[in-house]
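Chain order of the listed sequences is A and B. Counted the way the working numbering counts, the first sequence spans residues 584 to 1036. Counted the way the working numbering counts, the second sequence spans residues 584 to 1036.
No wet-lab data here; the hints were simulated from the structure. Hints may contain errors.
A pair holds if it fits inside one copy or across any two, identical chains being indistinguishable in the list.
Stated by the list, open to error - Cut-off 25 Å, straight-line C-alpha distance, at most; resulting in silico cross-link-like pairs (SDA-like, lysine to any residue):
no.: 1; residue 1: LYS691; residue 2: PRO871
no.: 2; residue 1: LYS790; residue 2: ASP642
no.: 3; residue 1: LYS691; residue 2: GLU733
no.: 4; residue 1: LYS999; residue 2: ASN690
no.: 5; residue 1: LYS999; residue 2: PRO689
no.: 6; residue 1: LYS606; residue 2: GLY843
no.: 7; residue 1: LYS606; residue 2: THR786
no.: 8; residue 1: LYS790; residue 2: LEU1030
no.: 9; residue 1: LYS938; residue 2: ILE953
no.: 10; residue 1: LYS999; residue 2: ASP820
no.: 11; residue 1: LYS810; residue 2: ILE881
no.: 12; residue 1: LYS633; residue 2: GLN693
no.: 13; residue 1: LYS670; residue 2: THR781
no.: 14; residue 1: LYS785; residue 2: ASP642
no.: 15; residue 1: LYS746; residue 2: GLN705
no.: 16; residue 1: LYS673; residue 2: TYR811
no.: 17; residue 1: LYS810; residue 2: PRO871
no.: 18; residue 1: LYS785; residue 2: LEU596
no.: 19; residue 1: LYS670; residue 2: ALA730
no.: 20; residue 1: LYS739; residue 2: THR769
no.: 21; residue 1: LYS999; residue 2: SER935
no.: 22; residue 1: LYS746; residue 2: LYS938
no.: 23; residue 1: LYS746; residue 2: GLN899
no.: 24; residue 1: LYS606; residue 2: LEU882
no.: 25; residue 1: LYS643; residue 2: ASN674
no.: 26; residue 1: LYS767; residue 2: LEU926
no.: 27; residue 1: LYS633; residue 2: ASN610
no.: 28; residue 1: LYS810; residue 2: LEU596
no.: 29; residue 1: LYS999; residue 2: ASP628
In this text, all values refer to a predicted model and were calculated from it rather than measured experimentally.
There are 2 protein chains.
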Amino acid sequence: MRFELTKEFIDSLREAIELKDGKTTLNLIGNLHAADIAEIYDELDIEEAKFIHLLLDVDKSADVLVALEDDVRERFLKTLPSHIIAKIIKNKMDSDDAADIIGTLPNKIQQEILTHIDDIEQASDIVDLLNYDEDTAGGLMAKELVAVNENWNITKCLREMRKQAEEVEQVFFVYVVDDDNVLKGTLSLKKLLLIAETTNIKTAYNKEVISVNVDSPSEEVANIMDKYDLVALPVIDSIGRLVGRITIDDVVDVIREEAGKDYQMMSGISEDIESSDSVLVQTRARMPWLIIAMFGGILSSRVIYQFTGELSFLPQMAMFIPMITGMGGNVGIQSSAIIIQGLANNSLGIESPFKKLSKEFLIALLNGSILSTIILVFNFFTSDSYVLTISVSIALFSVILFATLFGTFIPLILNKFKIDPALATGPFITTVDDISGVFIYLAICKLLLGVLG
Amino acid sequence: MRFELTKEFIDSLREAIELKDGKTTLNLIGNLHAADIAEIYDELDIEEAKFIHLLLDVDKSADVLVALEDDVRERFLKTLPSHIIAKIIKNKMDSDDAADIIGTLPNKIQQEILTHIDDIEQASDIVDLLNYDEDTAGGLMAKELVAVNENWNITKCLREMRKQAEEVEQVFFVYVVDDDNVLKGTLSLKKLLLIAETTNIKTAYNKEVISVNVDSPSEEVANIMDKYDLVALPVIDSIGRLVGRITIDDVVDVIREEAGKDYQMMSGISEDIESSDSVLVQTRARMPWLIIAMFGGILSSRVIYQFTGELSFLPQMAMFIPMITGMGGNVGIQSSAIIIQGLANNSLGIESPFKKLSKEFLIALLNGSILSTIILVFNFFTSDSYVLTISVSIALFSVILFATLFGTFIPLILNKFKIDPALATGPFITTVDDISGVFIYLAICKLLLGVLG
C-alpha cells in the first residue's frame, strides 16, 4: 500500500513525460496518494510536474497542491494560469488550504483567482482567512465546521449535520453554539451515535470546551493541542463567537517547523533550507553567521595580540587556547539549549529567573570544579610550567562559570524583550565565549606570570 | 477556561495541603483539566501530590496519571500501593496508557497490579502491549478500537458499534475487517451519518487504507502520520490482521521527543533533562560530552606543542587559533545539521550520498573563497607578517573544506551503519574540527615560514 520513491521510478517517469506519453505517466502515478505525488514533484523540473498535474483529476490535483512543500508550491503555482488554480480551489478545497495557497501569490493574481470563484461563501471565507497573520490561530484555522444550536434535539441536529457535513472533509466533533453563535461546548460523533434521538442537545454536550482566540500565536495553539491531547480546537473571536477550527495535522506541521527552526538557528543557519536546495541558496543561508563568527575571530585575535609579550616569553600558553574556547562554547551551548527548549515547550515551570541563574551557577561550580581538577592533575604530570598548569585550571573554572551564566542569562533576557531566544544559540554564544575565554585565560596567565614567574 | 499556573496558586495550594485541608484543596484543583493538575504535580513534592491524588475521583486521577511526564510519574507511582494503581487502571483506562504506566514499574509490582485487574480481556490486552518495544508501532498503539465486518449492513454496524464504542475514548474511524480479522479498509463516522441504513458496508468503505506493521519504528509511524495527515493509524500484524490503532496525540509526543532529542544531542546533553531537574541530574547529563571535549582540548594542546618552535619565532601565530577553530566548528555544525535534519524528516530525496558530498564541496568552495578573501584583505592592511596573512587565508580555506566534508560524511556513514546520526553533532564535530583545524593552520604556517620566512 505504501509507496517508496526510487531513482528507477523517477527515471521511468521522466522518460514517459519526455515522450509526452500521458497514458504511461498516469499508469505510474494515477493510484498514488497525493502526498506521494507531491514528493515526486520535488524530484522533477517544474515543467515535468506541470505535465503530470494537468493529467490528474481535479480532486487529486487539489490534494497534491495542498501536500506540496511551500517553496515548491510557490514556484509551481507561478506556471499555472489563474483560471486553472481557481478551478482546483473551487472543487471543495478547505478554506484554510485555499487561503494558504492563494496567500503566497502576488496581489494581482489573488484578485484574478478570487473573481473566478463564483461561490460567494467560499470566496468570502478565503478573503476572511487571508486577513489573519499566518502565525496565529486565525492563520491556521479552517472555516469549515459543523455547528449545531444548543436548543435543538438530536434528530434536528442529525438532519442539520447531514447538510453541513458534506462540505467538511474531516468531522471529529460537532460544535454547540447559542443563538448568537457563541461557542458553548462540543459533542463528539461517538456520543451522537450512542444517545437517543429525542435527547435535547443541551443535556448531552460537553460544556468544558477548550478554545483559542483568533489572535493567539500558533506556538500557543500547538502547546495547547499538545498538552490537552486535542485533535481539533475551536477558534473564537473576542466576544466568544465561533469563527473556525484548527485540526491537529496543521499543528503537527507547526511543531515540526518550530523544532526545525530552533535546530537550524542553533546550527547557525539563517533561513529554512534543505539538503536539496541549490548551492547558492544554501551558501546564502550559511553565510551571515559565518561572517559574524569571523569578525568574532578577528576580535579574539586582537585580544590575543595584547598578550604577544607573554606569548613570546611562554609560547606554550598557546597550547590551551583551543581547550578554553572549546569548553566555553560547549558549556554555554548546554545552558542556553536547556533554557531555550524550556521556553519553547512552556515547561520552565514557575521558578523565577533568579532561581534559575542560581541553579545554573551551582551546576557550573560542580562542572568547573570537576573538570579543572582533572586538567590540574593531568598538567601537573605532563607540563613543565607550574604557572601554565595553575593558569589553565583557574581559567577553565572561570570560563565555565562565565559561559554558563551568560548562556542562561541571554535567552532569558531576549525572551523578556519578546525577541526569539533561539537567536542566542550556536554561533552567537560560541563566538562570545571564544572572545571572553581567551581574554580570561591570557589575563590569568599574565597575572600569574607577574606574581609567580 | 484555560488555567495559568502561578506562584501564588501553588503557595495557597501548598498551604491547604499542609493543613490537610481536603475541602480547600479540592476547591482549588477540582475543576481543573487533568493536564493542568499534572503540571501542578511538577511543582510539588511527591507527598503533596499524593495527598491531592487520593482526593480526586478515579476518572480524574487516571487522566492525571496519564498526563504526567514520564519521570514524575515514575517517582510518583513508587509511592502508591499496587491495589490503588490497579483501581485507577481498571476504571476504563486505555490499554496503551495502562501499558505505559505499568511498563515503567519493576516486574514484581507489575505482576501484583495485573492480579488486581479482574477483567481478563483488559489484563491480557495490557500484557500483550507490554511485550512490544516502546519505540515501535506496537509500543504506541492501543487495543481499543471499533471494528466491523465487511459483510454487515449499516444497521448491524451501528448496533455493534454502540456496543464497542462504549469502551473506546475517542472514535474517529471504524475499521472494516474480513472474517479472519484482516484489515480491509476504514469507514469514517461522517460517512456513517450520511449514508442510508440499509447500505452494505462493502460498498461504502474506503479501501485505500494506510496501515503500519506492529514492528515499525515509532519514527516511521510519526513520518507516515505527518506525511499523510492522519489522526489515527491502524496497526496490523505480519499477516495483515488488525491488532491495534495509534492516535495522533501519541505521535505528537514522539515528534516532540525526537526533535528534543536531536536538539539536546547537538547541544552536548546526554540525557533528556529539563531546567527543573536537580543540579546533580543536570550535571550528570552535561558531564560526558564536556569530558570528551576536554580530552579533545588536550589533544589540541599536544598538536600545538609540536609547533612550539614556530610559535617562539612568530608568537602572533597564536592570534588566529580561535578564529580557525571557531570557523571549523561552525561550518561543520552547519553541514551536519542539514544532513541530520534531512535524515530525521526523511526529506533527503533520492540524491546519492556522492552527489550530496559534491554539493557540499561546492558550497564549501564558495564559502571558503569568500571568507578567506575577506580575511586576506583585512590582514593585508592590519598585520605586519606576510607569512601570517597568507597562512591564515590558506588555512581558513582548507579548514572550511575539511570541516564541511567531515560534517557531511560522518552523519551519512553513521546512518548507513544504523547508528543515530545525531551523535555526530555538537561537541563531537566541533572537537574534531578544533584538533584538525589547529593542525592544518600551524602546519601551513610552518611550511610557509620555511619557504617564505
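Outcome of the hint check:
no. : hint              : in the structure
1   : LYS691 to PRO871  : neither (33 Å within a copy, 57 Å between copies)
2   : LYS790 to ASP642  : between (37 Å within a copy, 17 Å between copies)
3   : LYS691 to GLU733  : neither (43 Å within a copy, 51 Å between copies)
4   : LYS999 to ASN690  : neither (36 Å within a copy, 47 Å between copies)
5   : LYS999 to PRO689  : neither (36 Å within a copy, 44 Å between copies)
6   : LYS606 to GLY843  : neither (40 Å within a copy, 46 Å between copies)
7   : LYS606 to THR786  : neither (57 Å within a copy, 28 Å between copies)
8   : LYS790 to LEU1030 : neither (70 Å within a copy, 78 Å between copies)
9   : LYS938 to ILE953  : within (23 Å within a copy, 45 Å between copies)
10  : LYS999 to ASP820  : neither (27 Å within a copy, 51 Å between copies)
11  : LYS810 to ILE881  : neither (46 Å within a copy, 45 Å between copies)
12  : LYS633 to GLN693  : within (20 Å within a copy, 58 Å between copies)
13  : LYS670 to THR781  : neither (42 Å within a copy, 35 Å between copies)
14  : LYS785 to ASP642  : between (38 Å within a copy, 23 Å between copies)
15  : LYS746 to GLN705  : within (16 Å within a copy, 39 Å between copies)
16  : LYS673 to TYR811  : between (34 Å within a copy, 22 Å between copies)
17  : LYS810 to PRO871  : neither (36 Å within a copy, 32 Å between copies)
18  : LYS785 to LEU596  : neither (57 Å within a copy, 34 Å between copies)
19  : LYS670 to ALA730  : neither (28 Å within a copy, 38 Å between copies)
20  : LYS739 to THR769  : within (16 Å within a copy, 27 Å between copies)
21  : LYS999 to SER935  : within (12 Å within a copy, 45 Å between copies)
22  : LYS746 to LYS938  : neither (57 Å within a copy, 54 Å between copies)
23  : LYS746 to GLN899  : neither (83 Å within a copy, 80 Å between copies)
24  : LYS606 to LEU882  : neither (64 Å within a copy, 63 Å between copies)
25  : LYS643 to ASN674  : within (10 Å within a copy, 44 Å between copies)
26  : LYS767 to LEU926  : neither (32 Å within a copy, 44 Å between copies)
27  : LYS633 to ASN610  : within (17 Å within a copy, 62 Å between copies)
28  : LYS810 to LEU596  : between (44 Å within a copy, 22 Å between copies)
29  : LYS999 to ASP628  : neither (45 Å within a copy, 29 Å between copies)
Of the hints listed earlier, those the structure fails to meet are numbers 1, 3, 4, 5, 6, 7, 8, 10, 11, 13, 17, 18, 19, 22, 23, 24, 26, 29, in rising order.
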